[in-house]
Structure formats: C-alpha cells, structure tokens
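Sequence lines, in order, name chains W and A. Sequential numbering from 1335 applies to the first sequence in the numbering used here. Sequential numbering from 89 applies to the second sequence in the numbering used here.
Accuracy of the hints is not assured; some may be wrong.
Said to hold, decoys possible - In the BS3-like style, the derived pairs of lysine-lysine whose C-alpha atoms are separated by at most 27 Å in a straight line are: (1) W:K1491 x A:K178; (2) W:K1425 x W:K1340; (3) W:K1384 x A:K155; (4) W:K1472 x W:K1499; (5) W:K1505 x W:K1489; (6) W:K1491 x W:K1509.
Claimed, not checked - Stretch-level coverage of chain W by chain A, calculated; a stretch enters the list once three of its residues show a Cβ under 8 Å from a Cβ in chain A: (7) 1354 to 1361; (8) 1446 to 1453.
Hints listed in this document are in silico derivations from the structure and should not be mistaken for laboratory results. Small disclaimer: the values here were computed from a predicted structure and weren't measured. Quick reminder that beta carbons are idealized off the backbone N, C-alpha and C, glycines included.
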Amino acid sequence: MAITIKRPELTLAERAYLPSIFAGLMTTVKHFFSTLSNKTKVTMQYPEEKWDSHLPSYYRGAPALVRDEHGRERCVACQLCEFICPPRAIKIIPGEIPEGARYRKVEKFPDQFDIDMIRCIYCGLCEEVCPEQAIFLKKEYAITGESRADMVHHKDKLYEIGGLKTGLVHKWNEKK
Amino acid sequence: MPSLPFTLSPEVQFALISLLKILAVIFLIILPLVSYTVYAERRVSALIQDRVGPNRVGIPMTLFGFKHDVNLPLGGLFQPVADAVKFLLKEDLTPAHVNKFYYWLAPALAMVPAILTIAVVPFGSTLFGVPMVIANVDVGVLFVFAIASLGVYGIVIAGWSSNSKYSFLGGVRSTSQMISYELALGLSVVPIFLVMGTLNLSEIVNNQIQNGWTILPVTAGLPSGRQLLLWIPMLISFVVFTIAIFAETNRLPFDLPESETELVAGYHTEYSSMKFALFFLGEYAAMITGCSIIVTLFLGGWSFPLIRDGSHGWVWGLINIAVFFAKVSGLLLFFIFIRWTLPRFRYDQLMRLGWIFFFEIALVNILVTALILAYVH
C-alpha cells in the first residue's frame, strides 16, 4: 500500500523565506551572545581547568595492575586479558613462582606484562574478564611519550599506576 | 610630496604613488584582513555553536630542545600567523593523475580576480592629498563585474584538471551557479546607476555623501519625496545584490560547490598546502571585495554622518579608511552569521532562484525605477 504524505502547506511568510532567515538569525545571535558572556559554560579550558578532581566513578583511564593489602601481586598470568583485548595491546610472558615462596600454590605470575598504550582503546574488557581482580582501569588519561617504545607500559609502570587496592576477594587465602 | 634633488614628471609620480598604494592595499590591508576574517569565522562560528574556538597560540620551543613553550599573549590573535606557517611548511603534493599545467594555474586564476577588483574601490577619501583609490576609472562597477566573472575560470579549471569525480562535480556546479547569478548581480545594480547617473565608484560615494546613503537616505537630513519614492527599489536592489554576492563567492546558502558534507571538499579536494591556501584566500578575498562593493554602492562607502573627509587633515583621512573597513567588517560578520544559520540550497532550488526569481525581480526593479524617475521629472 503506497502511503502518500502530504507536503505541509507553507504560509506566505514561510514561502517568502526572509522572515525565516530573520528568525534563524535571532537563534544564532542569541547563542553567540550567550556563549560570549559565559552564560553557557560548556568548554573546559584545559590545561588551566582540569576535571581530575571530579571525574565520574565509571571513567575509563589507563589500565593498571594492583597489589592487595598483603602486598601480593594479584595477576596470575592466566592471559585472559591478553586474549580478549580487541587491539591486542597486552603482551604477557608467564613465569613460575619459585619453590619456597609464600604463595607457591598460585604457581604462575607474569614474568613480563606489557601494555602498548598506543594500541589500548580503553574499552575495559580486560578489567571485566579478569578472574583475579588484578587489572583495573584507573583515572589517568594524559599518557605521553616521545617514541613508540616510550609508550609501552611495562610491569613496574603498571604496578606504579595501579598501587594498592583493598576490598578484593582473597581467593588464594587458606581455608578457614 | 617631499622635495627631491631631481624632479619627477607627473606620470612617473602617479605611477610611483599608485605602486605604493597597491603594495599597501595588498600587503597591509587585504592579506591581513583575509587572515583575520578566517580567524573571525572560526571564533564566531565556535561561539554560535556554544564552544570557544582557537583562543591560545604559542611557539613550541620544546621541539627545538628548550624547556618551555612560548605562550604568545592576546589569546588566539596570532592564529593566522600559525596558519600561514603551517601552509608554508606543509608538503605541496601534485597528484600523478592531474593535468599539470591547469592544476598549477587554477589557484592563481582563483585568487587574482578577487584581488584585482579591489583596485577600483575607494576605501578612503584622501590622505595627504592622495586619493585613496588605486584606479579612479569612470567604468568602476563595470570593471568589477567583468573581472569577477573571470573568477569562474579558476574554479572550473581546478575542478576539471583535478581529474576526480568530486572535484569535477564541484567545479561544474560552481560554474553554472556563478554564471546564473551574474545576471542578477549585474541587473540588480542598474537602478543605482539610473538614479546616480555615473558608474564611477568615487562619484557614487560623493553622491551618497550629499544625498544620504542609498538604503538609508536619512543620513543626509530628511529625505526628499523623490528619495522616499525610490527607497523601495533601492532596498530591493540591495537585497538582490547581497544575495547574488553570496552566490558569486560560493558562500552558504549557495555552498554546493564546496559542500563539505556532500563532495568531500568540492573543487579543491586534490589541493594541498599553498595551492589550497590560495583557494581559501581567494574565496575570502572575493568575499571582502563583494562586501566592499556593497558598502560603496549602498552603505555610503567611507562616509559617516558627522565625520569630515580627508581634506581637513590626515587624521580625518585615516578615520575615513577606518570607517570604511568597519562597515566592511560588519558586513563580513553578517556573512559569517548567515553561513552558520541557514541550510544549504538544493541545486535545483538554487538554479530556480537564480534564473526565475532574482532575474525577474531585478528586471522589474529596473522598470519600476525608470518609471519613478520618469514620473518625478
């Protein structure tokens, strides 16, 4: 069934077009003066104004590895984050926790953990998939470097950004 | 003239003074005005869109090994300098598939007519006895229209030589648009010449000083009955001429040739660096020239109700130049606001307006003005 849509009937003023131009100009001029007199404040004058102090809690910044309050590095090098990372920014070389260490039963730790920040798209999938609550997206966003090699965050840099995180599940503790 | 140890014949004097005027107008007035019009467009369009626009400029000294960047004062006012440096340092690429001779010729052809037409516009009264117009020819406006028609060549040659479908479409559209609106452009100002009896732009300005601005006769005292009768045709002439100038300079709402949303960049898609800068500057120079003509014909040129002309001192001469460019700037601001207010015309709507609507209105306007003048006499 063909549905015919009627064109709207234009009044004489609308067909003349000049009154519409005038009305449009009124809108434009209103916006112009409103922005000029700072009544509309939308733009943040970076770097004089930053929003580091009031970033929303769900903001996705740079990914980082965390230690828990016992000082253990949470990552067990399961490589799930490396698998799920869409641009394949994460590179992990797992290592074995040696005999005689306190957490020997965990068995694996990341010998080498690199995140290429040029590739990272800050999607947060690594944080979502991690079964150990080891990798989190922090609030840091201004990541710079002078070469492509500089922009790769190695394990020490990741733990430095990550720091300490409390309130995590201690799944590797001894059973009560 | 300062006294020299030798005498110069009047012709040589005139040539030297004209050369000085040309250099001053191009390098001290037109090019800075074009650059700052681009900057003004960026700022004004940003403020209209609830954002800020470029408001800081600096020299990246850290690239050269220094510790801190130099932050230039006055907000973003040096942005045109930054743009100029960018255009100079950018890679100037000539694609392999273009017609090389015409590809190189087109930007020059686009820029030269726009700058050439400034030669007949009186942008001031006199300064130290020297009239502030480069060429005070008796066919002033005819010269403007003739040279402005040459502006079409730059665009059509750019579109054709770029050998790409977007450029070609943009060039073809622009050519037909500019040719169509030249009719309205020329015919819409014939009533002015009927009323003033001269094509000489300086004479037109003098006429407006005595009788009041063309669209505002009250600036020279109460308008006579004749002027009141002629006011409506003059207003129609003003509206049609301004709209035709919008179409001639490819400015929204007649923006199809370079419609960024449809044709990538239209006829200047394949151009980079300095050649693109020439197109860009040519478009804004054409806009400035168009606004200067509108100001000269309709808004009283360099005159203002209580301000004396340059024969009373060089200060008044400078003030007259400033008044002229203030009017041109106001009109440029209007152009910028219209660009960011109106949607683009569809191509068939555009052609219909040019050939059916404005052409006939301009013709009828001439007839009405002639009848009124015959009736008044």
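List of violated hint numbers, smallest to largest: 1, 2, 6, 8
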